[in-house]
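There are 2 protein chains.
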Amino acid sequence: MPEVESGHCVRVLRHQPGDLFEVVDGKGWLYTVRLVDAHPKRAMVEIVERRELPSYWEGKLVLAVAPTKNMDRMEWLVEKATEVGMDGFVPLHCRFSERKEIKRERLEKTAVSAMKQSLKASLPEISEMTPFSRFIERYRDFPGKFIAHCVDDGQRRLLAREYRPGEDSVILIGPEGDFSQEEISMALEAGFRPVSLGDARLRTETAALTALETFHIAGQLKSSAD
Amino acid sequence: MPEVESGHCVRVLRHQPGDLFEVVDGKGWLYTVRLVDAHPKRAMVEIVERRELPSYWEGKLVLAVAPTKNMDRMEWLVEKATEVGMDGFVPLHCRFSERKEIKRERLEKTAVSAMKQSLKASLPEISEMTPFSRFIERYRDFPGKFIAHCVDDGQRRLLAREYRPGEDSVILIGPEGDFSQEEISMALEAGFRPVSLGDARLRTETAALTALETFHIAGQLKSSAD
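Heads up: the sequence lines are chains A and B, in that order.
Residue numbers for the first sequence follow the numbering used here, so the first one is 1021 and each next one is one higher.
Residue numbers for the second sequence follow the numbering used here, so the first one is 1021 and each next one is one higher.
Among the clues, some could well be false.
The list treats identical chains as one, so a pair stands whether inside a single copy or across any two.
Claimed, not checked - In silico BS3-like links for lysine-lysine, alpha-carbon gap of 30 Å or less:
#1 Lys1129 - Lys1089
#2 Lys1089 - Lys1120
#3 Lys1080 - Lys1242
Calculated from the structure, these hints are not laboratory results.
The following block holds chain A by itself, in its conformation from the complex (with noise of 0.2 Å):
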């Protein structure tokens, strides 16, 4: 096991050789174990039996926010959007970006312990900070599109009611100042759907989790009016 997770186990937990644990390797598998070598460091293991643990939500699901300058208020996103369920996390460099650097290890440590907290076997991926036209076209094919700006301009529909349960989806998410007038044209150039997440004023971490929230809830309403 990794040197981390070793000490976890050993020193913390204070498993011994024999004891009988569950592990998850952070791509939807969890092993049941036992320990072999109570090395602090390098503890060995030998696996009993594994299954697969699914995901309870259908398609993927991708949050992709201009960070905000609080490194906290970034850390508390990842871990609740990683409670309530997501596949991965973009740092958005935007031209109205607040942060234009961020520590991505520490974002995903964030993650690794509300994984584990919340009894999931699959970590979300954590990307690197990218660059707003990078984004655009990497997610060009991508089915789901969605970017939630500001501007009250009559042609936003409801994100609950456009999102499509199940379909791999992804809302971009902007800066306190919100996406530049030419960032929102590139977006729906490419096809992406402009959105409202409703009535409230929200900061950007708020708004990116009830994104996520949407996805989930609409995904629980529309499966039940099949």
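Could you slot chain B onto chain A? The hints should help.
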């Protein structure tokens, strides 16, 4: 104006006599006022215009939550719930509560600041810590009553389907150790309906916010179906 708001107005924002600005009263009214006396502790304003700023949701939405040991998590919840939109927050004293006391004033301060940040005019009512049984009695005649317990007894239905938009609604969210069997029975006997928030395993504060998001998003979807 109260001392803390006077200081903010005069010292931080550096308003001068004659300046026009907007203030809210926490009871649903937005006032345009003119500064008359720039006293840093007792600033005086005259009201130029007032208008009501109605909620964008219908029916009262109340969260009753067993507070977590970590007070930061409760402050975070009150901040986010105020942004998203709620009418009342009741800290519940349950059998397995990890925290038996709360600083109501601290939570109220958080709510005031989130109200201003999100441009709302109504302040959610933050209650004192309330014993579970007293809460149940007090809300006996509330129309929409839900308890989100974690016992998978086949009786729980999805909150998203059970909630009737527009109806005054309250949901009980338990401590990490869940409600006791006695508490669940007491709530069911009083007409609370047992609900689940979905398949995610959520921390207390995440569950409470998810319940509130469910009210709003189910409201958006159901009103669009009319």
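Evaluated hints:
1. Taking identical chains as interchangeable, the C-alpha atoms of Lys1129 and Lys1089 lie at most 30 Å apart whether they share a chain (19 Å) or sit on different chains (23 Å).
2. Taking the shortest alpha-carbon separations for Lys1089 and Lys1120, only the intra-copy value of 9 Å comes in at or below 30 Å, while the best inter-copy value is 35 Å.
3. With identical chains, the CA atoms of Lys1080 and Lys1242 are at most 30 Å apart both within one copy (17 Å) and between copies (25 Å).
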